[in-house]
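**Q** All chains, full assembly: derive it from the sequences and hints.
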Amino acid sequence: MKEITAASFSAPSHDVYVNCGSVLIWCANPSVGGVIAWGTPREGDVVSLIEVFDRNRHMTPVFDMVLDMREVEAVDLGALATLTPWMGRNKDLFLRMRVTSIVRPDVSGFLLAGLLPTIAPSPNFTVLHSSKDIYARLGVPDVEAKLANALEAVRSLSREVQCLRTLLRSSLDLSSFAAAKQLGMSERSLRRALAQEKTSFREEVSAAR
Numbered sequence: 032m033k034e035i036t037a038a039s040f041s042a043p044s045h046d047v048y049v050n051c052g053s054v055l056i057w058c059a060n061p062s063v064g065g066v067i068a069w070g071t072p073r074e075g076d077v078v079s080l081i082e083v084f085d086r087n088r089h090m091t092p093v094f095d096m097v098l099d100m101r102e103v104e105a106v107d108l109g110a111l112a113t114l115t116p117w118m119g120r121n122k123d124l125f126l127r128m129r130v131t132s133i134v135r136p137d138v139s140g141f142l143l144a145g146l147l148p149t150i151a152p153s154p155n156f157t158v159l160h161s162s163k164d165i166y167a168r169l170g171v172p173d174v175e176a177k178l179a180n181a182l183e184a185v186r187s188l189s190r191e192v193q194c195l196r197t198l199l200r201s202s203l204d205l206s207s208f209a210a211a212k213q214l215g216m217s218e219r220s221l222r223r224a225l226a227q228e229k230t231s232f233r234e235e236v237s238a239a240r
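Quick note: the sequence shown uses our numbering, first residue 32, plus one each step.
Some clues are possibly wrong.
What the hints assert, rightly or not - Heads up, simulated SDA-like pairs for lysine to any residue below, C-alpha to C-alpha not over 20 angstroms straight-line:
#  : residue 1 : residue 2
1  : LYS163    : ARG101
2  : LYS122    : ILE81
3  : LYS33     : ALA238
4  : LYS163    : GLU102
5  : LYS229    : SER187
6  : LYS177    : ARG101
7  : LYS163    : ASP173
8  : LYS122    : PRO154
9  : LYS33     : ASN60
10 : LYS177    : VAL47
11 : LYS212    : PHE232
12 : LYS177    : VAL63
13 : LYS212    : VAL192
14 : LYS177    : SER62
15 : LYS33     : LEU188
16 : LYS163    : VAL66
17 : LYS122    : THR157
18 : LYS177    : ASP164
19 : LYS33     : ALA184
20 : LYS33     : VAL192
21 : LYS177    : GLU34
22 : LYS229    : GLU183
23 : LYS212    : ALA226
24 : LYS122    : PHE94
25 : LYS122    : SER62
26 : LYS33     : ARG186
If you are wondering where the hints come from, they were derived from the structure by calculation, not from laboratory data. Quantities reported herein were computed from a predicted structural model and do not represent experimental measurements.
**A** Spelled out as structure tokens, the structure:
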């Protein structure tokens, strides 16, 4: 799969993904896509996710959406406060989805699985605890391996770089000083974190445009 920006999702997409911090959004083709989340997705991650969904209007009238939340550790209240009203305003979008939600077989998994149908009911909603055979059933048997490679690339980045990329998606006019302040670190620490990933603030801004 190829990594693209949220803006690129305004065109029909095949075998692509967008990194939104602790959330990865992917699209195999106009009839199959999904979201993978891990850790504690923050408000900025959710803002980026919403931007992708708002831009992508090229899915088929009815499409399959795989939500893999097995590695979500906690729910950020700010992220939830941003996501909930958006879902409520876009119930027509969720009515077009055949949703497969993959969660852990525990209390947190149960709570996560119940979030979507409560806020934005879908007539086709399935909860599973394993991804076995899902992608083959959806006609994209090679997607799981591609997603594993994409996740390895995304999650190998430091948290600082992931957070900066999420921030820049909504605030391209920030200086490195202002960005570092919003990330709760010094400008020097931010530059050092970027250098360790063999990138720079200027390169990150250019890539986000």
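**Q** Compare the structure with each hint and give your call.
**A** Checked hints:
Between LYS163 and ARG101 the CA atoms are separated by roughly 13 angstroms; this keeps the pair inside 20 angstroms, and the hint holds. With a C-alpha separation of about 14 angstroms, the suggested pair LYS122 and ILE81 falls inside the 20 angstroms cut-off, and the hint holds. Annotation: proposed proximity of LYS33 to ALA238 holds, straight-line Cα distance about 14 angstroms (limit 20 angstroms). Among the hinted pairs, LYS163 with GLU102 is consistent with the structure: their alpha-carbon atoms are about 16 angstroms apart, no more than 20 angstroms.
For the proposed pair LYS229 and SER187, the alpha carbon gap of about 13 angstroms is at most 20 angstroms, so the pair holds. Taking the CA atoms of LYS177 and ARG101, the gap is near 18 angstroms; set against the 20 angstroms cutoff, the hint holds. Taking the CA atoms of LYS163 and ASP173, the gap is near 12 angstroms; set against the 20 angstroms cutoff, the hint holds. Proposed proximity of LYS122 and PRO154 is supported: the alpha carbons are some 11 angstroms apart, at most 20 angstroms.
In summary, the hint linking LYS33 to ASN60 is supported, as the alpha carbons are separated by about 13 angstroms, within the 20 angstroms threshold. Note on LYS177 and VAL47: the hinted pairing holds, with a Cα-Cα distance of about 10 angstroms set against a maximum of 20 angstroms. Restraint check for LYS212 and PHE232: satisfied, since their Cα atoms lie roughly 14 angstroms apart, inside the 20 angstroms limit. With a C-alpha separation of about 14 angstroms, the suggested pair LYS177 and VAL63 falls inside the 20 angstroms cut-off, and the hint holds.
Restraint check for LYS212 and VAL192: satisfied, since their Cα atoms lie roughly 14 angstroms apart, inside the 20 angstroms limit. Under the criterion of a C-alpha separation no larger than 20 angstroms, the hint pairing LYS177 with SER62 is consistent with the structure, at around 17 angstroms. Of the supplied pair hints, the one linking LYS33 and LEU188 holds, its CA atoms being roughly 16 angstroms apart against a limit of 20 angstroms. Between LYS163 and VAL66, the direct Cα distance comes to roughly 16 angstroms. Compliance with the 20 angstroms bound is thereby established for this hinted pair.
Between the alpha carbons of LYS122 and THR157 the distance comes to roughly 17 angstroms, so the proposed pair stays at or under 20 angstroms and holds. Restraint check: the Cα-Cα separation between LYS177 and ASP164 comes to about 15 angstroms, which is no more than 20 angstroms; the hinted pair holds. For the hint linking LYS33 to ALA184, the alpha-carbon distance of about 11 angstroms falls within 20 angstroms, and the restraint holds. For the suggested pair LYS33 and VAL192, the alpha carbons sit about 19 angstroms apart, so the restraint of at most 20 angstroms is met.
Taking the CA atoms of LYS177 and GLU34, the gap is about 11 angstroms. The hint holds against a cut of 20 angstroms. For the hint linking LYS229 to GLU183, the alpha-carbon distance of about 17 angstroms falls within 20 angstroms, and the restraint holds. Using a Cα cut-off of 20 angstroms, the hinted pair LYS212 and ALA226 holds, with the two alpha carbons roughly 18 angstroms apart. For a cut-off of 20 angstroms, the pair hint linking LYS122 to PHE94 stands: about 14 angstroms separates their Cα positions.
For the hint pairing LYS122 with SER62, the CA-to-CA distance comes to about 18 angstroms; that is within 20 angstroms, so the pair holds. Proposed proximity of LYS33 and ARG186 is supported: the alpha carbons are some 15 angstroms apart, at most 20 angstroms.
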